[in-house]
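A.B. asks: Sequence:
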Amino acid sequence: MNTVRRGLGNGLVQAFLVVIGLVWLTPLAGLFVSSLRSSQDTAKGGWWTALTSPGQLSFDNYSALLKNSGMTQAFWNTVLISVPATTLVVGLAALAGYAFAWLDFPLREPLFLLVVALLVVPVQIGLLPVAKLFGALGLFGTIPGVVLFHVAYGLPFAVFLLRNYFAEMPKEMLEAARMDGGSEWRIFTRLVLPVGRPAIASLAIFQFLWVWNDMLVALLFADSSAQPLTVELQSQIRQFGSNIDVLAPGAFLSLIVPVVVFFAFQRHFVQGVMAGSVK
Numbered sequence: 001m002n003t004v005r006r007g008l009g010n011g012l013v014q015a016f017l018v019v020i021g022l023v024w025l026t027p028l029a030g031l032f033v034s035s036l037r038s039s040q041d042t043a044k045g046g047w048w049t050a051l052t053s054p055g056q057l058s059f060d061n062y063s064a065l066l067k068n069s070g071m072t073q074a075f076w077n078t079v080l081i082s083v084p085a086t087t088l089v090v091g092l093a094a095l096a097g098y099a100f101a102w103l104d105f106p107l108r109e110p111l112f113l114l115v116v117a118l119l120v121v122p123v124q125i126g127l128l129p130v131a132k133l134f135g136a137l138g139l140f141g142t143i144p145g146v147v148l149f150h151v152a153y154g155l156p157f158a159v160f161l162l163r164n165y166f167a168e169m170p171k172e173m174l175e176a177a178r179m180d181g182g183s184e185w186r187i188f189t190r191l192v193l194p195v196g197r198p199a200i201a202s203l204a205i206f207q208f209l210w211v212w213n214d215m216l217v218a219l220l221f222a223d224s225s226a227q228p229l230t231v232e233l234q235s236q237i238r239q240f241g242s243n244i245d246v247l248a249p250g251a252f253l254s255l256i257v258p259v260v261v262f263f264a265f266q267r268h269f270v271q272g273v274m275a276g277s278v279k
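Each residue of the sequence shown is one higher than the last, beginning at 1 in this note's numbering.
Heads up, a few of these hints could be off.
Cut-off 20 Å, straight-line C-alpha distance, at most; resulting in silico cross-link-like pairs (EDC-like, lysine to aspartate or glutamate) [what the hints assert, rightly or not]:
id	residue 1	residue 2
1	K171	E109
2	K171	E184
3	K132	E109
Have a look at the derived ranges for each label pair, beta carbon to beta carbon [what the hints assert, rightly or not]:
id	residue 1	residue 2	range
4	S58	V19	41 to 49 Å
5	D60	V19	31 to 39 Å
6	M173	F16	22 to 30 Å
7	L128	G55	51 to 59 Å
Bear in mind the hints are in silico, worked out from the structure with no lab data behind them. Everything numeric in this text was worked out from a predicted model, so none of it was measured. Where is the CB? At the ideal position from N, CA and C, for every residue including glycine.
The task is simple: from the sequences and hints, build the whole structure.
C.D. replies: Right, dumping it as structure tokens:
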């Protein structure tokens, strides 16, 4: 009887998760279908009408998108911002996390407490002073300026996450590596990084999604030649209003990239977050 109840319970949970998944994917499917329809067909009815009239669907909108220099440039700007911002945060946080977890140096604990304290600092507080600083340095309005801002505000959480994860590694494992003559750099690259792969993958997902979907920082710190896809889409809406031929495929492109990244690393996601967030 208990086995039957457990089977029914698992079946209900799985059915519920399937329903939630379908509900979550419905807007994505609707956006994709809309991106394959002309503006005339879109004006006539909702995207679901295309399911009974597949002749409406074509890739003409994507061809028009590739010919739109503003959208294509914004896409590559987004890549040039997101990839370096994610790589730098993960790399620097891994080094700092290992140092805070296993290396002895002066003021280690106060410095880590400072890092934790920076977690509660809102992004909005730093916008004006950082804008003035970047203006003095000639970085305001540039892609490197946007990248540096994301790196600076992404590091506190990243260091906190990886330090807690690295600190849970068995001390005997690292001591044995040192006794075998391994340098700190070799231990870090050959032992700590492979073991910490789940937490690093989780951090990479968090950072990439935050930077890719950001509009506030890019809206303030990027000029017209450096603005990412989120700002360009907002600009297209403001300028053209009903320019669905470009907006729908552009919005789908902006959405599908982080979805692909998430599913590519999803098997590491829960394990890394749970292990790294609580010591």
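A.B. asks: Compare the structure with each hint and give your call.
C.D. replies: Structure-based check of all given hints:
1. K171 - E109: Distance ~18 Å between K171 and E109 Cα, so the pair holds.
2. K171 - E184: At roughly 14 Å apart (the allowed maximum being 20 Å), E184 and K171 satisfy the hint.
3. K132 - E109: 32 Å, violated
4. S58 - V19: 41 to 49 Å: Check failed, 32 Å falls outside 41 to 49 Å.
5. D60 - V19: 31 to 39 Å: 34 Å, holds
6. M173 - F16: 22 to 30 Å: 41 Å, violated
7. L128 - G55: 51 to 59 Å: 53 Å, holds
Going through the hint list in order, the structure does not satisfy hints 3, 4, 6.
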